[in-house]
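Use the sequences and the hints to build the structure in full.
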Amino acid sequence: MMSDRLMVSTRKGLFTVTRRGGSWEIAEVDFLGDNVTLTLTDRRDGLEYAALDHGHFGVKVHRSTGNGWEEIAAPVYPPKPEGYEELDMWGRPLNWSTARIWALAAGGADEPGTIWCGTLPGGLFRSIDHGKSWEMVRSLWEHPKRKQWMGGGADLPGIHSICVDPRDSKRVWIAVSTGGVWFTQDRGASWAQRGEGMRAEHVPPELTHDPIAQDVHCLAQCPAAPQRMWVQHHNGIFVSSDEGKTFSEITGVEPSTFGFAVVVHPRDPDTAWFVPEIKDEKRIPREGKLAVTRTRDGGKSFEVLTKGLPQSHAYDVVYRHALALDNTGGRLAFGSTTGGLWVSEDQGDSWACVSHTLPPVYAVRFG
Amino acid sequence: MAKVMFTPNIQRHVPCPETHAAGCTVGEVLANVFAVNPDARGYVLDDQSALRKHITVFVDGTMIRDRTRLADAVGEASTVYVFQALSGG
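Protein chains in written order, with our numbering: chain B, 1 to 367; chain A, 1 to 89.
Hints listed in this document are in silico derivations from the structure and should not be mistaken for laboratory results.
Where hints are given, some of them may not hold.
Said to hold, decoys possible - Straight-line Cα separation of at most 27 Å, DSS-like style, residue types lysine-lysine; simulated pairs:
{"#": "1", "chain 1": "A", "residue 1": "3", "chain 2": "B", "residue 2": "80"}
{"#": "2", "chain 1": "B", "residue 1": "80", "chain 2": "B", "residue 2": "132"}
{"#": "3", "chain 1": "A", "residue 1": "53", "chain 2": "B", "residue 2": "147"}
{"#": "4", "chain 1": "B", "residue 1": "12", "chain 2": "A", "residue 2": "53"}
As the list claims (entries may be wrong) - Residues of chain B placed beyond 10 Å of chain A at every Cβ, according to the derived structure:
{"#": "5", "residue": "55"}
{"#": "6", "residue": "56"}
{"#": "7", "residue": "65"}
{"#": "8", "residue": "71"}
{"#": "9", "residue": "113"}
{"#": "10", "residue": "128"}
{"#": "11", "residue": "284"}
{"#": "12", "residue": "347"}
Unchecked claim - Listed below are several chain A residues computed to face chain B (Cβ distance under 10 Å; list not exhaustive):
{"#": "13", "residue": "10"}
{"#": "14", "residue": "18"}
{"#": "15", "residue": "36"}
{"#": "16", "residue": "37"}
{"#": "17", "residue": "39"}
{"#": "18", "residue": "44"}
{"#": "19", "residue": "47"}
{"#": "20", "residue": "49"}
{"#": "21", "residue": "50"}
{"#": "22", "residue": "52"}
{"#": "23", "residue": "53"}
{"#": "24", "residue": "54"}
{"#": "25", "residue": "55"}
{"#": "26", "residue": "84"}
{"#": "27", "residue": "85"}
Where is the CB? At the ideal position from N, CA and C, for every residue including glycine.
If you want it as structure tokens, here you go:
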């Protein structure tokens, strides 16, 4: 069944948008004035989670059972060992403290209450009690190569994508900006780097193909064919057909292969959507024309979808969590940094504007 | 015991009424405040128990300097203010 509800996280609140009489309208506003960075609707139990960044007062997590929101525990980094010092890429002491929640993902169907949480400056956390408490995944934080992660979308490295294998919930992939793709097959007890074949333009030639140097902007896995993974990368689009072990680059996509977001159809691994922008130094839609690109053949060809999207002086940037696809693969929605929100009910063939006056949009989720 | 007052802006997130707390340092005073108001702790201190980046603390009108160990001295009759720094926007 197609989803009739959107959760839109913005700089100034959480907007719930619902479909009524064939059109989409803002139905509720929660946390008005506060910076909501991400939500998760857990389809296993209906619980909803919202990450907030209060700036002065830090990162918080709220949960709703459908009868209002309550603050629950936020992930907390372990105490830094006495005398231990670690410097970030700027040479400053790295503060072991949650700077942003950048990924929220439900665990598998066989582990109710398990939630994964990716953060800046690079800590991965797991809750097994619906967010009542969080435990850092120490094996990843203490992995010697973790210190090679660098800032990408922010000054600090961060985990922005978490994919739980629908066939086996012990198997989890994460992606780091910057730090590439990582994989565990034992529910986080041990980790291995994945992602051979990606290419980074921002490092010297000897590091170009190093998997840890890759600035993955977003990693998406096809639920019905988990071996298929799509990556929107800082300098291109990459696709894997072997669970992220190796990737192939897709080139020649108009108007651009630069962007932040990617979603993949839940049943068709060859169908994926992107929101292209002029790379990388400008980060605006080409010629001010907002577009979505779609491939239906695994990246061999792409369509440029613009019907209903502004085609003049549009400077909308769509962040990595701000493009969403519903469970059926029929409906899409995306929100922009300039407060635009669009919905498509025909896989992107046409779009309807819900609003162009929202606060900057950080995340859009069906749920 | 020192008097401890919090910025009004924190109140809508977590109630922090004016209170009195014992302690010879900022860290000791705040630890005693948070012992009876644990929900407020994470709003003022980060994961390493240092002052959050955009929080400031004044003791008798002087901004504290030790933001990590919170070792600045507090007197029996001191007033401790926990404010937002304007640097946080």
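Checklist entry - Do the alpha carbons of residue 80/B and residue 132/B lie within 27 Å of each other, as the hint requires? => result holds (23 Å)
Next on the checklist: Does residue 147/B sit within 27 Å of residue 53/A, going by the straight-line distance between their CA atoms?
Outcome noted: Holds - the C-alpha atoms of residue 147/B and residue 53/A are around 23 Å apart, at most 27 Å.
Checklist entry - Can residue 10/A be said to touch chain B, with a Cβ gap under 10 Å? => result holds (6 Å)
Item to check | Hint check: 10 Å Cβ-Cβ cutoff, residue 36/A to chain B | outcome: Not OK, violated: residue 36/A not within 10 Å of chain B, min 18 Å.
Item to check | residue 56/B remote from chain A - nearest C-beta pair above 10 Å | outcome: violated (4 Å)
Checklist entry - Does residue 47/A pass the interface hint, meaning its C-beta sits closer than 10 Å to a C-beta of chain B? => result It holds, given that the least Cβ distance between residue 47/A and chain B is near 4 Å, below 10 Å.
Next on the checklist: Against the 27 Å threshold, does the CA-CA distance of residue 3/A and residue 80/B hold or violate the hint?
Outcome noted: Distance ~31 Å between residue 3/A and residue 80/B Cα, so the pair is violated.
Item to check | Restraint check, 10 Å cut-off on beta carbons, for residue 53/A near chain B | outcome: holds (8 Å)
Next on the checklist: The output says residue 128/B does not contact chain A. Does that hold with a beta carbon cutoff of 10 Å?
Outcome noted: holds (20 Å)
Checklist entry - Is it the case that residue 284/B keeps its Cβ farther than 10 Å from each residue Cβ in chain A? => result holds (25 Å)
Next on the checklist: The hint names residue 49/A as touching chain B; please verify it with the least Cβ-Cβ distance against 10 Å.
Outcome noted: holds (8 Å)
Next on the checklist: Quick check on residue 84/A please, does its C-beta sit within 10 Å of some C-beta on chain B?
Outcome noted: Since chain B brings a Cβ to about 5 Å from residue 84/A, closer than 10 Å, the hint holds.
Consistency with the previously given hints fails for numbers 1, 5, 6, 8, 14, 15 and 16, ordered from lowest to highest.
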